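The listed protein sequences derive, respectively, from chains D and F. Just so we're aligned, residue 1 is where the first sequence starts under full-length UniProt numbering, counting upward by one. Just so we're aligned, residue 1 is where the second sequence starts under full-length UniProt numbering, counting upward by one.
None of these hints come from the bench; they were simulated from the model. A portion of the hints provided could be inaccurate.
As the list claims (entries may be wrong) - Just a few of them, taken from the derived set where beta-carbon distance is under 10 Å, the chain D residues facing chain F:
1. Gly59
2. Ala62
3. Ala190
4. Phe192
5. Thr202
6. Ile211
7. Asp216
8. Ala226
9. Gly261
10. Gly280
11. Ser283
This structure is a prediction, so every number in the text was calculated from the model and none was measured. All C-beta atoms, glycine included, are put in the ideal place defined by N, C-alpha and C.
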Amino acid sequence: MTTGQATAETPVTQDTYALSGRDRAFGLIQRHGATAVLVLLLVVGSLSFSRFPTGENLGDIAITSSFPAMVALGMTFVIITGGIDLSVGSVFALGGVLAAYAVRWGTVAGLLVPLLVCGAIGLVQGLLIARVRLAPFIVTLAGLLGARGLLLSISHEGATTYLIPHGSVLARLGQGHLFGLGYPVYLTLALFVVGGVVLQRTGFGQAVYAIGGAEDAAALMGVPVARTKIVVYVLSGMLAGLSGTLNAARLSSGVTILGTGMELDVIAAVVIGGTLLTGGAGSVSGTIAGVLLLGVIQNLINQIGDLSSSYQQVVSGAFLAVVVVAQTYLSRARRL
Amino acid sequence: MTDPVPEQRNAGDPPVLEARDIVKRFTGVLALDRVSLSLRPGEVHALVGENGAGKSTLIKVITGVHRPDEGEVRLAGRPAGFTGPLDAQRAGVQAVHQEIGLVPDLSVARNLLLGREPRRALGLIDTRRMHQEAARTLESYGVRVDVRLPLRSLGVGAQQMVALARAVSVDARVVIMDEPTSSLEPREVETLFGVIDRLRGQGIAVIYVSHRLDELYRICDGVTVLRDGRVVHQGALADLDRLRLVSLMLGRDVAQVRAEGVTRFSGAHEAAGEPVLEARGLSSRHLLDDVSLTIRPREVVGLGGLLGAGRTETAKAIAGVLPLDAGGVTVAGLPVRRGSATAAVRAGIALLPEDRKAEGIVPTLSVRDNIALAALPRLARAGVVSDARIDRIVETFMRRLRIKATGPHQPVAELSGGNQQKVLLARWMATEPKVLLLDEPTRGIDVGAKAEVQALVDELAEDGLAVLLISSDLEELVEGSDRVVVLRNGAVVGELTGDELTEEAVMTTIAAHTREEVA
Numbered sequence: 001m002t003t004g005q006a007t008a009e010t011p012v013t014q015d016t017y018a019l020s021g022r023d024r025a026f027g028l029i030q031r032h033g034a035t036a037v038l039v040l041l042l043v044v045g046s047l048s049f050s051r052f053p054t055g056e057n058l059g060d061i062a063i064t065s066s067f068p069a070m071v072a073l074g075m076t077f078v079i080i081t082g083g084i085d086l087s088v089g090s091v092f093a094l095g096g097v098l099a100a101y102a103v104r105w106g107t108v109a110g111l112l113v114p115l116l117v118c119g120a121i122g123l124v125q126g127l128l129i130a131r132v133r134l135a136p137f138i139v140t141l142a143g144l145l146g147a148r149g150l151l152l153s154i155s156h157e158g159a160t161t162y163l164i165p166h167g168s169v170l171a172r173l174g175q176g177h178l179f180g181l182g183y184p185v186y187l188t189l190a191l192f193v194v195g196g197v198v199l200q201r202t203g204f205g206q207a208v209y210a211i212g213g214a215e216d217a218a219a220l221m222g223v224p225v226a227r228t229k230i231v232v233y234v235l236s237g238m239l240a241g242l243s244g245t246l247n248a249a250r251l252s253s254g255v256t257i258l259g260t261g262m263e264l265d266v267i268a269a270v271v272i273g274g275t276l277l278t279g280g281a282g283s284v285s286g287t288i289a290g291v292l293l294l295g296v297i298q299n300l301i302n303q304i305g306d307l308s309s310s311y312q313q314v315v316s317g318a319f320l321a322v323v324v325v326a327q328t329y330l331s332r333a334r335r336l
Numbered sequence: 001m002t003d004p005v006p007e008q009r010n011a012g013d014p015p016v017l018e019a020r021d022i023v024k025r026f027t028g029v030l031a032l033d034r035v036s037l038s039l040r041p042g043e044v045h046a047l048v049g050e051n052g053a054g055k056s057t058l059i060k061v062i063t064g065v066h067r068p069d070e071g072e073v074r075l076a077g078r079p080a081g082f083t084g085p086l087d088a089q090r091a092g093v094q095a096v097h098q099e100i101g102l103v104p105d106l107s108v109a110r111n112l113l114l115g116r117e118p119r120r121a122l123g124l125i126d127t128r129r130m131h132q133e134a135a136r137t138l139e140s141y142g143v144r145v146d147v148r149l150p151l152r153s154l155g156v157g158a159q160q161m162v163a164l165a166r167a168v169s170v171d172a173r174v175v176i177m178d179e180p181t182s183s184l185e186p187r188e189v190e191t192l193f194g195v196i197d198r199l200r201g202q203g204i205a206v207i208y209v210s211h212r213l214d215e216l217y218r219i220c221d222g223v224t225v226l227r228d229g230r231v232v233h234q235g236a237l238a239d240l241d242r243l244r245l246v247s248l249m250l251g252r253d254v255a256q257v258r259a260e261g262v263t264r265f266s267g268a269h270e271a272a273g274e275p276v277l278e279a280r281g282l283s284s285r286h287l288l289d290d291v292s293l294t295i296r297p298r299e300v301v302g303l304g305g306l307l308g309a310g311r312t313e314t315a316k317a318i319a320g321v322l323p324l325d326a327g328g329v330t331v332a333g334l335p336v337r338r339g340s341a342t343a344a345v346r347a348g349i350a351l352l353p354e355d356r357k358a359e360g361i362v363p364t365l366s367v368r369d370n371i372a373l374a375a376l377p378r379l380a381r382a383g384v385v386s387d388a389r390i391d392r393i394v395e396t397f398m399r400r401l402r403i404k405a406t407g408p409h410q411p412v413a414e415l416s417g418g419n420q421q422k423v424l425l426a427r428w429m430a431t432e433p434k435v436l437l438l439d440e441p442t443r444g445i446d447v448g449a450k451a452e453v454q455a456l457v458d459e460l461a462e463d464g465l466a467v468l469l470i471s472s473d474l475e476e477l478v479e480g481s482d483r484v485v486v487l488r489n490g491a492v493v494g495e496l497t498g499d500e501l502t503e504e505a506v507m508t509t510i511a512a513h514t515r516e517e518v519a
């Protein structure tokens with residue numbers, strides 16, 4: 001304990017509480033389970049496949065994981081408040097198409113237009129959830145459909161594919177490399193560091209946890225519940241839009257069919273990373289581990305040449321089920 | 001202890017908080033009727049009354065959750081006009097609620113300092129200083145914990161202290177404690193009283209809501225007794241003896257108690273034979289302490305006691321709904337598996353819960369389906385239920401219990417409260433129970449329906465059922481029961497039968513001193 005100096009006041013009674021060893025173990029599994037499995041998989045993968053631990057392959061995992069990771073960062077905030085954002089897959093695709101569409105007005109427009117539009121979608125969803133008190137599931141399901149519709153109207157039902165010119169600044173943002181890693185990887189890392197600090201060290205972060213833990217209590221403690229929720233959905237929308245923008249830049253075009261079902265992969269990654277679907281607990285470091293874990297599983301299955309890549313879904317699904325069962329069990333055991 | 005209750009040294013001070021002629025209606029129902037209350041700095045004021053007396057509504061008006069329809073709340077002589085609980089908190093009116101208003105998964109320190117965390121440059125939270133500050137604050141409340149742990153890992157008492165410490169540390173002028181000791185150990189209660197004494201010394205006024213008379217008399221200066229939304233007594237607690245306080249709360253004038261009753265109980269049935277229900281040593285932490293009781297066929301046993309004494313918990317424990325630490329139940333000599341509601345139902349125990357909306361009635365279903373619900377497994381043959389058999393049973397009970405409905409297919413939501421209660425009763429009767437546990441069977445239903453339900457309870461007992469009756473209506477309890485077991489703080493403190501069974505005797509038993517030796 002951190003009580004160095006003796007206090008003048010005599011305590012009326014003294015109670016000492018400490019976590020039992022079992023509780024502590026449960027806590028560790030909850031927070032770092034995904035990281036442990038990730039390390040294990042990396043070791044096993046390196047020993048089994050010679051082509052796995054190469055710089056090129058690992059760099060590949062990093063860049064393909066960076067796009068869902070950005071989306072998952074926003075999703076982590078949303079889920080910790082006890083909400084859900086099903087719209088991110090559509091918003092991700094919309095962001096890409098908008099970037100490719102708007103880049104004709106310059107790089108800044110190519111970056112800002114998707115961010116603003118996707119942020120606005122998040123804002124509308126947040127307002128409906130926080131102020132009108134509609135269920136996040138329904139609101140963001142509507143958002144999923146709406147964003148997809150918007151995307152189709154911009155791309156004339158998918159008939160028009162907007163291109164991002166080779167060599168443009170935007171394209172280079174998506175395609176450039178530094179020390180063998182793509183620019184988006186560095187951006188993702190930076191975003192996660194900022195996200196972690198925001199979550200742990202700011203009043204906003206505290207509010208996010210408090211709302212997910214006990215919304216009514218949080219309101220009574222003076223937490224600005226509605227404002228925090230709105231910000232969280234705006235963040236999620238913007239991060240999905242940014243991710244879509246960079247992905248489009250990497251592919252040099254706004255591909256309209258991307259992002260279908262992405263929201264589910266992202267939610268899976270966040271939950272695997274130890275964030276409780278019921279809200280109130282979770283961390284961005286866990287989320288990164290969760291995203292990488294799913295990325296590594298996919299990569300390893302690809303390494304097994306004769307195994308259909310469809311099995312990746314089966315393995316990820318099974319893994320998710322195991323994690324959720326374990327989480328439920330752990331949190332029940334701790335509450336007893 | 002030299003002077004547990006300081007003299008009214010602050011009698012001359014202007015009141016810090018005043019509620020003046022508060023009137024509050026909910027859809028036409030009068031919840032508060034010209035209630036006034038005034039608190040001086042450093043006063044600990046008891047607010048007492050039974051369920052539905054208006055305590056919670058008054059607290060909600062004072063803390064800005066509800067706007068009064070008439071009257072006003074004044075803080076330090078000025079109209080408070082709180083727009084909400086947050087507004088009230090900022091002005092220094094803090095409420096510590098029964099269900100602790102904190103976030104269990106956040107750390108102790110974060111809970112204590114949420115919104116007021118020490119900051120560093122860039123506005124980032126200074127975690128180390130936050131932990132130091134939290135540990136220091138809590139230590140002065142007698143709580144020594146690792147403040148980095150989640151709040152959930154603390155004992156209930158320590159959690160309550162954190163809530164209290166948080167409430168007081170925000171420049172509180174008035175602290176409202178709603179049943180603060182309901183989940184505390186005796187030792188923790190002492191700590192709480194120490195803290196309250198300190199608040200008193202700092203000139204902070206406390207509104208103390210509790211049903212534990214010992215506590216009230218130990219720490220409260222003044223008292224306001226509410227009943228049916230009205231103030232029935234206000235003054236110094238020292239001038240009011242216990243029996244008088246209980247009679248005020250329950251609304252039964254000691255002198256008036258002997259007057260003719262108006263319930264419809266006949267008392268014709270007579271208990272016979274071996275006990276069909278035996279509950280032995282039911283214990284559950286904080287809730288029940290070694291409660292034993294037996295009921296014979298054709299007998300109605302009443303459970304007496306104030307709110308929170310453990311009446312509902314006893315019924316739930318018998319029905320297998322409340323997890324028990326010790327004790328057990330036998331029906332007709334056969335033990336019932338502990339903590340299993342299914343086993344209890346199979347053994348013939350039926351519980352009519354207190355909150356029929358939340359725990360019983362399925363409003364969208366018809367009268368018929370509501371009645372058949374619990375009996376379905378019994379009526380099924382190889383998993384198939386014969387409609388004709390259900391119809392027969394439903395018809396029998398609708399007639400027998402005199403359920404007023406347009407027909408078996410009317411949705412239950414359209415029935416009156418009394419008839420809904422009868423539908424629930426019919427549902428359980430259809431399972432052919434041996435033991436019927438009735439938790440406040442006549443609450444919230446009109447006078448006529450009340451009399452019918454009471455007559456029905458009588459009839460059921462006559463037919464050979466063993467009945468446990470819980471009622472806050474003292475008259476109903478005394479006249480409806482053959483025997484009354486009185487509970488206080490989760491333990492049996494007395495049993496009254498025959499001629500001893502009078503309203504006055506029940507009140508005396510409730511009010512009896514138990515902790516005199518403590519002082």
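Hint check results:
Proximity of glycine 59 of chain D to chain F is violated relative to the hint, the smallest CB-CB distance being about 33 Å (cut-off 10 Å). Because the beta carbon of alanine 62 of chain D sits about 29 Å from the nearest beta carbon in chain F, more than 10 Å, this interface hint is broken. The criterion of a C-beta within 10 Å of any C-beta in chain F is not met by alanine 190 of chain D, whose closest approach is roughly 16 Å, and the hint is violated. A distance limit of 10 Å between C-beta atoms decides the matter here; for phenylalanine 192 of chain D the minimum to chain F is near 17 Å, and the interface restraint is violated.
Taken as an interface hint, threonine 202 of chain D checks out: its beta carbon lies about 6 Å from the nearest beta carbon of chain F, inside 10 Å. For isoleucine 211 of chain D, the suggested interface contact is upheld, since its CB lies about 9 Å from the closest CB of chain F, less than 10 Å. Given the 10 Å rule on beta carbons, the hint for aspartate 216 of chain D holds: about 7 Å separates it from the nearest Cβ of chain F. For the restraint placing alanine 226 of chain D at the interface with chain F, the shortest Cβ-Cβ distance is roughly 12 Å, beyond the 10 Å limit, so the hint is violated.
Using the Cβ-Cβ criterion of 10 Å, the hint placing glycine 261 of chain D at the interface with chain F is not satisfied: the shortest such distance is roughly 30 Å. The interface hint given for glycine 280 of chain D is met, as the beta carbon of that residue sits about 4 Å from the closest beta carbon of chain F, less than 10 Å. Interface hint status for serine 283 of chain D: violated, as the beta-carbon distance to the closest one in chain F is roughly 12 Å, over 10 Å.
The structure shown violates the earlier hints numbered 1, 2, 3, 4, 8, 9, 11.
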